[in-house]
Amino acid sequence: MTEQELVGGLINQNKEAIQYMVHNYQKNVIKTAYYFVANMEDAEDLSQEVFLEILKSIGRYKKGATLYTWIYRITVNKSLDHLRKQHRRRFIQKLGTLIQVSNDGMNRFDNEPAILETRNDDKEKRKILDNAVNSLPENQKISFILNKYEELSYKEISEIMNLSFSSVESLIHRAKLNLQKKLVNHFSEYAKTNK
Amino acid sequence: MQKQTNKMDCTFVRSNLFSYQEQQLFGKELIEFEDHLHSCEECYRIVSEFQSVTSLIDKKKSIETNPFIRTRILQSIETRRKEAGKGAKPFTLRILRPISLSFVLLIAIVLGFSIGKQKETRLSNFDNHQIDLQALKTELNIPDFIDEDKTFFDNH
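Protein chains in written order, with the numbering used here: chain A, 1 to 195; chain B, 1 to 156.
In case anyone wonders, no lab produced these hints; they're calculated from the structure. Don't take each hint at face value.
[As the list claims (entries may be wrong)] Here are the computed distance ranges between Cβ atoms for each label pair: (1) B:Ile-63 x A:Ala-191: 48 to 56 Å; (2) A:His-23 x B:His-38: 49 to 57 Å; (3) A:Glu-41 x B:Ser-39: 31 to 39 Å; (4) A:Gln-19 x B:Gly-112: 27 to 35 Å; (5) B:Ser-19 x A:Asp-122: 39 to 47 Å; (6) B:Ser-102 x A:Lys-94: 44 to 52 Å.
[Said to hold, decoys possible] Derived SDA-like pairs (lysine to any residue); straight-line CA-CA distance at most 25 Å: (7) B:Lys-60 x A:Tyr-61; (8) B:Lys-59 x A:Tyr-61; (9) A:Lys-62 x A:Lys-85; (10) A:Lys-127 x A:Glu-189; (11) A:Lys-155 x B:Phe-18; (12) B:Lys-59 x A:Asp-130; (13) A:Lys-155 x B:Arg-14; (14) B:Lys-61 x A:His-82; (15) A:Lys-182 x B:Arg-14; (16) B:Lys-82 x A:Lys-181; (17) A:Lys-181 x B:Gln-51; (18) B:Lys-60 x A:Lys-62; (19) A:Lys-85 x B:Ile-69; (20) B:Lys-59 x A:Tyr-190; (21) A:Lys-155 x A:Ile-58; (22) A:Lys-62 x A:Asn-131; (23) A:Lys-27 x A:Glu-16; (24) A:Lys-127 x B:Glu-42; (25) A:Lys-125 x B:Gln-51; (26) A:Lys-127 x B:Asn-128.
Everything numeric in this text was worked out from a predicted model, so none of it was measured. Glycine included, every Cβ here is placed at the ideal spot set by N, Cα and C.
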């Protein structure tokens, strides 16, 4: 099935075209979502939303971009929306906890496990990396993930992000500088506290 | 490992971690970078930690997706499509119903206003009538029998 046939089929909500699309793009969609949200269950749920969104807005797909670039764009947007919602939810939860703490008259944070002690575990390292990546400015984060995790070329990223080649180049460069700065700070802080 | 002074300073090493990892350092720069690592314990530790954390990027790339996810996705698409099909309202319901409801509401409002106005006119006509009657009674010296009768019956 050519891309044109696939798009036509999706516009007509053709069952075969839908199956073909899911079969060909599910892995990439799930992986990309996972690189952003760092949770497989959430990534799988997001992939369902992405495919539904594709079917809903396939009429707006412009032939100028390749279909997979367009699908990547939807996936990235959905993942970022998810992260924003999660951030808001966490903020509200934190607020609720703070209110509870002040009501109970005790400090909940005293009872939290010492995260740094188990730092050598893969899980902990992953947390350090995810936190550092997530703290990057949004465009730097998107370009870094698409480049380092998805291994997409600067040209492909520029198509997905609707930016020029040089902008993507500069974004990735700044993302790397920021990331190594954050990680170096983290390692130095850790060394100081454990001296 | 002993701490020594090296030509290359720690700042250069710590700001070129990605370049070193991606093998983007060449010649003199690479040699000095590695020399510095041998002489600076702190930088050596940081480079090791950095490599250990960023190696997870490659590990993350090799994740396997759930083999049943395809069925789940197709099922959810089918369910949503059915729901959308059920929920889709025909033209008459989507467009004509709100238009006709607004029209009925408008008519009711206009009717209410006109009824209210009619009543007001009738009341003011009645008041004028009463005034004319009273004037006539006074002119012809006719007593208010009805009121007197009413008073009479009320008293007895």
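Cross-check of the supplied hints:
no. : hint                             : verdict
1   : B:Ile-63 x A:Ala-191: 48 to 56 Å : violated, 31 Å
2   : A:His-23 x B:His-38: 49 to 57 Å  : holds, 52 Å
3   : A:Glu-41 x B:Ser-39: 31 to 39 Å  : violated, 47 Å
4   : A:Gln-19 x B:Gly-112: 27 to 35 Å : violated, 59 Å
5   : B:Ser-19 x A:Asp-122: 39 to 47 Å : violated, 25 Å
6   : B:Ser-102 x A:Lys-94: 44 to 52 Å : holds, 47 Å
7   : B:Lys-60 x A:Tyr-61              : violated, 31 Å
8   : B:Lys-59 x A:Tyr-61              : violated, 34 Å
9   : A:Lys-62 x A:Lys-85              : violated, 29 Å
10  : A:Lys-127 x A:Glu-189            : holds, 16 Å
11  : A:Lys-155 x B:Phe-18             : holds, 21 Å
12  : B:Lys-59 x A:Asp-130             : holds, 13 Å
13  : A:Lys-155 x B:Arg-14             : violated, 29 Å
14  : B:Lys-61 x A:His-82              : holds, 21 Å
15  : A:Lys-182 x B:Arg-14             : holds, 11 Å
16  : B:Lys-82 x A:Lys-181             : violated, 51 Å
17  : A:Lys-181 x B:Gln-51             : holds, 14 Å
18  : B:Lys-60 x A:Lys-62              : violated, 32 Å
19  : A:Lys-85 x B:Ile-69              : holds, 24 Å
20  : B:Lys-59 x A:Tyr-190             : holds, 24 Å
21  : A:Lys-155 x A:Ile-58             : holds, 23 Å
22  : A:Lys-62 x A:Asn-131             : violated, 35 Å
23  : A:Lys-27 x A:Glu-16              : holds, 18 Å
24  : A:Lys-127 x B:Glu-42             : holds, 23 Å
25  : A:Lys-125 x B:Gln-51             : holds, 11 Å
26  : A:Lys-127 x B:Asn-128            : violated, 90 Å
When held up to the earlier numbered hints, the structure conflicts with 1, 3, 4, 5, 7, 8, 9, 13, 16, 18, 22, 26 and fits the remainder.
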